[in-house]
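Residue numbers (our numbering), protein chains in the order written: chain A, 65 to 525; chain B, 3 to 374.
Please note: incorrect hints may appear among the correct ones.
[Claimed, not checked] Computed list of lysine-lysine pairs in DSBU-like fashion (alpha-carbon distance at most 35 Å, straight line):
hint: 1; chain 1: B; residue 1: K293; chain 2: B; residue 2: K282
hint: 2; chain 1: B; residue 1: K282; chain 2: A; residue 2: K89
hint: 3; chain 1: A; residue 1: K309; chain 2: B; residue 2: K293
hint: 4; chain 1: B; residue 1: K282; chain 2: A; residue 2: K261
hint: 5; chain 1: A; residue 1: K245; chain 2: B; residue 2: K282
hint: 6; chain 1: B; residue 1: K282; chain 2: A; residue 2: K253
hint: 7; chain 1: A; residue 1: K411; chain 2: A; residue 2: K341
hint: 8; chain 1: B; residue 1: K282; chain 2: A; residue 2: K432
hint: 9; chain 1: B; residue 1: K219; chain 2: A; residue 2: K432
Hints listed in this document are in silico derivations from the structure and should not be mistaken for laboratory results.
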Amino acid sequence: MSQIAYFNLPDVGEGLTEAEIVSWKVAVGDRVSVNQIIVEIETAKSLVELPCPFEGVVTELLAQEGQTVEVGKPIISATVSDGAVGAVATASLPTIDAEVAQSAHQAVADAAATVASEEVMKPLVGYGVAATAGHSRRRARGPITPVPVVAPSTSAIPLIPGAPATSLIAVVPAELNVIAKPPIRKLAKDLGVDLTKVKATGYAGEITREDVLAGAQQASVFKNLSTPEPKSEREERIPVKGVRKAIASAMVRSAFTAPHVSIFVDVDATRTMEYVKRLKNSADFAGVKVTPLLIMAKAMMWAVRRNPTVNSTWTDEEIIVHNFVNFGIAAATPRGLIVPNIKDADKMSLLELAKAIEQLSNTAREGKTTPADMADGTITITNIGVFGVDTGTPILNPGEVGIVALGSIRPKPWVVDNEIVIRQVTTIGATFDHRVVDGDVASRFVQDVASVIEEPALLLD
Amino acid sequence: MTIDAESPLVQFLSPDGEVRVPANLAQYGEYLRELTEQDYLKFYRDMARCRRFDNEANALQRQGQLGLWIPAIGQEAAQIGSGYGVGANDHIFPSYREHGVAITHDIDLISILKMLRGVNHGGWNPDETRFHLYAIVLGTQVLHATGYAMGVKFDGKVATGNKADDLAVISYFGDGATAEGDVSEAFLFAAINQSPIVFFCQNNQWAISSRTDAQTKVPLYQRGEGFGVPGTRIDGNDVLAAYAVTKKHMDDAREGAGPHLIEALTYRIGAHTTSDDPTKYRDEAEVEYWKARDPLDRLEKFLRRNGIGQDFFDDVAHAGEEMSREIREATFALQNPPVENMFKHVYSQQHPLIDEQMAWLENYEASFGGDE
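Bound-form chain A, shown alone (with noise of 0.2 Å):
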């Protein structure tokens, strides 16, 4: 007979009383092994991923995605076999029979209780100070009982040994009542949306794209309005050392080795947030992140490809041209500023270069940028405009001779037929060296540029 295990959020740091649940790595009916990596949580120190306790067949994950947990409640259960290291031989992993768990509601819960009144529970090794918060002990002779974090209105009620039936009823955090699909929901995390604040348009109060985004909208107008304290002292010290050490010597290196020329050209980006949109709602991007950067990148490699030497290298003793591209894209990280590149980005299709922009990103996010992926770029551009700027005057990534900035774009008064209309505005910015590039091939290649962005059916060449 298998029996049903579960794991609990264990206290991973010292004192620890919660933690978010930031990705699962398995799924409902995956089979598990012991010190598989199961979940990635954050705690309030670092990122952590957690590996299984024990060997058997994921039966539910009791905790989603974005939400966060309490020291000691379980997460994840499982059936395992009889006897299995890590699911019977500790209380702090309780098991029950499998065919318990396929009682009806009240039954169950009923069992659950009776068979949580008589193990023995001991305390909970690193379960810090979270096991018991929020509700005082109250039994003599049962342990400390978690209490559901997630409760399905079905009748497959996530067991719970030692939990009072009432309780099975009792939290349900007020995230649950969202409807949302998950890219939705990963939308919302990224652009920091609370979907419990969101107002849900789509059908039985299902929120869309839409909604979470003009809750972004709405989120940023107001993010500015934050502005912290004037700090007392007079002046601080940061020390240069690390990550901003090394972006220090490399704009140095560039700065005063390759003589910048830098030029500018506004251009309307109607039809390029027209088209980033027709692909976000196409099958064949489903999940996948599309941005005015995709495009941008792909008007680059088309630029590239009819003037080459803005993809290239140069020595003292000759200009080497690259025919290919690898990608660099300047990342904004926690510690810094760093430029991975995607490599031979030229041969790839639009989907390819889509996903390969998006895990470039998550991976520079995450902090597991490899030296090997920030070797040998060719080109490199970088997203001012994420930031609420119009252009700038990038700085040439060492080694390279071509840098393009892609600005805010954001409705603006234009001139159409002589008429003023609203169109979506952006200006391009870009670097080259001059030693390498002259000014009409710098200008050429900018021009080329923006007329994608102005027609992406350009593309289409």
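We have chain A already, so just place chain B on it with the hints.
Just chain B now, kept in the frame of chain A:
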């Protein structure tokens, strides 16, 4: 990426797996000549065992089975090598990361896990094992060791003329601990008393999030000189250097040469503890640099070059799996001690204050009954 790379460094086993004994290091090289093939295999087996134990314990902490884990990954050569350089009478005063040294002195590894689970405060008897309890408070063990070494000298157990009776002491600590006053005091007392002690500093380059260069202006092996404690720097990822240099200076200490400081230059590949996230303060490139100088890899290269076949490495891997399974089972089977143990060993005799506190706790626990 090493600090002041020009400083002399005792290295016999290069990262490429080649063994070379420079003429100026012949005094240490002699100790290598005594080693048999079995010794080399033992070194490797124990280093692999240490790493496996480390990984399993780390997973157990992430599963809520240990309150904390303190990884020693990357420091296996410094620990296994020096551990085997310690003699049969000698006493060892570890800090809290010396799982490898514990392995060389047959400490039951479950005892270490018990302590980090909070079941006890260290479950072995230092009188029997000569391996003293882990010291969590930074640097204290260096003073304990120095006091013990002074006692050894007072007992006349140094340079007795009969090597079987002589004994010396070794104390382990990290680069961070050298900034503690305790360590400086220990150097001074050891030097003045010509005590039979070796100070073994594993410089893993990070005191939690502080670099070594934030801790010292001179190379750490020179730290003892002003007190009268000479020092030697070794490649801490070279198990042969760790073995030979430790063995020589322990031998010398037993014969009355006084204290010696060994700085083993190594690198903490993992986090400071499971509560620490090193990605927040150090570059991945630095970690990669040191991973390429892994102590196990270079010994494996050396062994393979000398005809040790795949069978041996398969055996080691298999033994590692066995050990992991045993450790899991033993950890999950651990029982919590009865609550009265908290009060048992505070005083040697019954004490009214302790009785009062214990009664209060019993009363408190009982107050949870009958409320439902």
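Output the numbers, in ascending order, of every earlier hint that fails for this structure.
Result: no hint breaks.
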